[in-house]
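J.: So you can see what is in the structure, the chains are spelled out below.
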Amino acid sequence: MNSGVSSVRSRSVIICVALLTALLLATILLAFMPLRFDSREEVFEIPKGTWAQRRSGNSVSILPDQIYLALGVRDLLVLRNLDDVPQMFGPTLIMPGQSFKLPFELASEYDFACTAHASGQMRVVVDPEPTSGWQRLLWRIKNVFR
Amino acid sequence: MIRLIMTFLLCLTVAGNVAAENAAPENSAAESTALKSGVFDPPRMAPDFSLPSSRDNQFTLSEQRGKVLVLGFGFSNCPNVCPMTLANLAQTYKNLGALAEQVQVVYMTVDPERDTPAQLREYLAKFNGHFVGVTGAADELAAVRQAYGIIAKKEVHKTGGTYEVHHSSYIYLIDREGLLRALVPFGKGADDITHDIKILLHEKSHQAAL
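Which chain is which? The protein sequence lines are A and B, in order. The first sequence maps to residues 1 to 146 in the numbering used here. The second sequence maps to residues 1 to 210 in the numbering used here.
Just so you know, the hints here were simulated from the structure itself, not pulled from any lab data. Heads up, the beta-carbon is just placed ideally off N, CA and C, and yes, glycines get one too.
Sample of chain A residues at the chain B side, in silico, Cβ under 8 Å:
hint	residue
1	M88
2	T92
3	L93
4	M95
5	Q98
6	S99
7	F100
8	K101
9	L102
10	P103
For reference, chain A alone in the conformation it holds in the complex (with noise of 0.2 Å):
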């Protein structure tokens, strides 16, 4: 009976081992690992009929109300309107068919009035770089949550 309990704890510490060293090796590369991706830019799009989905009374929200970006990974923000009249998005007017791209290079958070915005407001964060190690551990995290 004895021998049978020691069994199950010997297990069960060899599995909290275990599972601990992974925990420890997968903190190391997470907040190591280089950061890749095939752009620096964060593509939004304002659809076609988004003016006259409003027009008619529907308070369609095509844009998040908060976008993420972090210096150095993703600091451009790309702006489409694909609709047929112009957008206002936050400084100035996108006109159909246009694209404005707005690169960031302070980590601020960033008001803009927007009409692609059912509320007529986006906020934009922008994270400081990722550095390696515990700045780029804790943005990983953040990222998952978002």
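Fit chain B to the supplied structure of chain A, relying on the hints for placement.
T.: Leaving out everything else, chain B in the frame of chain A:
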């Protein structure tokens, strides 16, 4: 034990995210846009206007082809935004040296009641005598602002009857062909603006640059 497994699963999820990061070269310089400002693609023709200027003549935008234009909107009584922007542009002119002759700063008022051509001339001369101010009838200026997506809202102070005008604080860059190429957000330094203007000056044409 359950907490440990949950943490492990979280790590696996994060690792999944990492795997989704494409295996392309890390942050290659080629990815960054050539201009440091916000860029329009494809660029459209800058909406034309012809309005009275601080040079006591009519300023017509389309007659400026061959120069790079820096177009801003503001007013001479602006307490903080316009002085900063114009000081930045004055520094940009200095940075450009001889190239500044091929550049024209155009500052369109959002306050035609107070900004006469003479007032604009006096105000802009404090920054750079080469800058040109543009004013006109309120409805004409409003039409230009709409074409450029500029917002301006008059706010009368509760006491004293004075007012100020809240307005969009960015500037536009228009290339030698009259194309509206870029938007410089408020706060960009003179070095960045100089960088972008030099790129536009050195382009033979926008099409050729593509």
